[in-house]
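S.K.: Residue numbering for the sequence shown follows this note's numbering, starting at 1 and increasing by one per position.
Simulated from the structure, these hints should not be mistaken for lab results. The reader is advised that the hints may include incorrect statements.
[Unchecked claim] Below, computed lysine to any residue pairings styled on SDA-like, alpha-carbon distance capped at 25 Å:
1) Lys19 / Ala67
2) Lys104 / Arg135
3) Lys104 / Tyr22
4) Lys104 / Arg48
5) Lys104 / Arg170
[Unchecked claim] Using C-beta positions, here's what the derived DEER-type ranges look like:
6) Thr75 / Ile155: 27 to 37 Å
7) Val39 / Cys303: 44 to 54 Å
8) Pro299 / Leu209: 27 to 37 Å
9) Arg138 / Asp300: 44 to 54 Å
10) Ser47 / Arg174: 46 to 56 Å
Note that CB positions come from ideal geometry on N, CA and C, so glycine has one too.
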Amino acid sequence: MLNRGQTVSLRRAQPADAKRAYEWLALSELTPLALGPPVYPDLPVPSRAAFDARYPAALFDRGNPYAGRALIIGTDAEDVGVLVYRSVYLLQGAVELELWLAEKRFCGRGFGSEALRLACRWLHDELGVDTFVLRPSRRNVRALRAFRRAGFRSIQAATDLVLGDLGLGRHPARDNELMLLRMPPPAATLHPQDGCTYVFLDTEFTHLLQPQLISVGAVATDGNAFYCEISGWPREQASDFVVRQVLPLLDGDAVPYSTAAQAFASWLGERAARPVIVITDSAYDRWALAGLLGGEALPDGMCWQRVPLPYERLDAVVAAMGLRRHHALDDARGLRHALLHRAA
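Make the full structure from the sequences, and use the hints.
M.R.: Shown next, in the form of structure tokens:
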């Protein structure tokens, strides 16, 4: 279970849930209220093949949590609907959501609104997402009301510019309403807890838009450090910034991604005699952590915390320590020093 509220909870969908999700969307008594003629001629009811194309099997199976996921909404008694989040746009810290309920008897009971609040809180806390997007048709008055109850607000001005900023294309509904919910990033302050091992993690990657991992650096409060460079990424996909600032600092002793992932997971596991809290200043590092550990959830006894230290602050700390800015291990050391020194 991902998150539980007063009336509903969220769990990750499984492959067997795809059939039900399709039936709830395309074959239920609620379908005419959201899809198909006469009210929605521009939003045809999907065939199963069209549904599978828009909601591929990966959404209903284990994988990279940043690639999107289907979540089942349930009460203590039964499942009542599905919520899908699309691929996370790391650069914008944004994600688009979709939601539909299974039957008309579940409408008007606050299930959808609470599920949205739970999903947004989970995505914010666990994946570092700050901006959430819904694009319902203005004809779907019931959905608009539920989304507003969840805290979403319509964006009226310069819609195309907002969509471009968020990396979103056009929606098939001719009258879609762009609705946003923004959550503030966490405080740039760490309050260490007794009895925990803190691991400060930094990564370097090829590009902000379609990142591929270049190097991983981590340093723990128990005094141990980890550093690894990864081979196999195309140099031509590295941004100009990375070519200038990151690549000259590499040691050159790179290993395949699978080798790096295994070594990092082993090193991290050695810290797990006590609860481990992985600290990063960016959701990009959380994305890298998900890939390295190869699962939707972090291992038991481990959690992630984003502490978005201002870029200029880390610049100054790394320079004062005589370290190399944009070297993954040195930046991890700088992050550790900045946050623990401030906390002290």
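S.K.: For Lys104 and Arg48, compute the direct alpha-carbon distance and say whether it is at most 25 Å.
M.R.: Measuring from Cα to Cα gives roughly 21 Å; hence the hint holds.
S.K.: Can you let me know if the beta-carbon spacing of Arg138 and Asp300 is within 44 to 54 Å?
M.R.: 45 Å, holds
S.K.: Okay, Val39 versus Cys303 on CB: inside 44 to 54 Å?
M.R.: Since Val39 and Cys303 have Cβ atoms about 45 Å apart, the given range 44 to 54 Å holds.
S.K.: With the threshold set at 25 Å, check whether the alpha-carbon distance from Lys104 to Arg170 stays at or below it.
M.R.: 29 Å, violated
S.K.: Does 27 to 37 Å hold as the CB distance between Thr75 and Ile155, or does it fail?
M.R.: The hint (27 to 37 Å, Cβ to Cβ) holds, given that Thr75 and Ile155 are roughly 32 Å apart.
S.K.: Quickly compare the C-alpha distance for Lys104 and Arg135 to 25 Å and report which way the hint goes.
M.R.: Holds, at roughly 21 Å.
S.K.: Quick one, are Lys104 and Tyr22 close enough, alpha carbons at most 25 Å?
M.R.: Holds, because 16 Å separates the two Cα atoms, which is no more than 25 Å.
S.K.: Could you tell me whether the CB distance from Ser47 to Arg174 stays inside 46 to 56 Å?
M.R.: Roughly 21 Å apart at Cβ, these two residues miss the hinted range, so it is violated.
S.K.: At the C-beta level, are Pro299 and Leu209 separated by a distance inside 27 to 37 Å?
M.R.: Taking Cβ atoms as reference, Pro299 and Leu209 lie about 30 Å apart, which means the hint holds.
S.K.: Would you mind confirming whether the straight-line C-alpha gap from Lys19 to Ala67 stays at or under 25 Å?
M.R.: 21 Å, holds
This entry does not satisfy hints 5, 10, going by the numbered hints stated previously.
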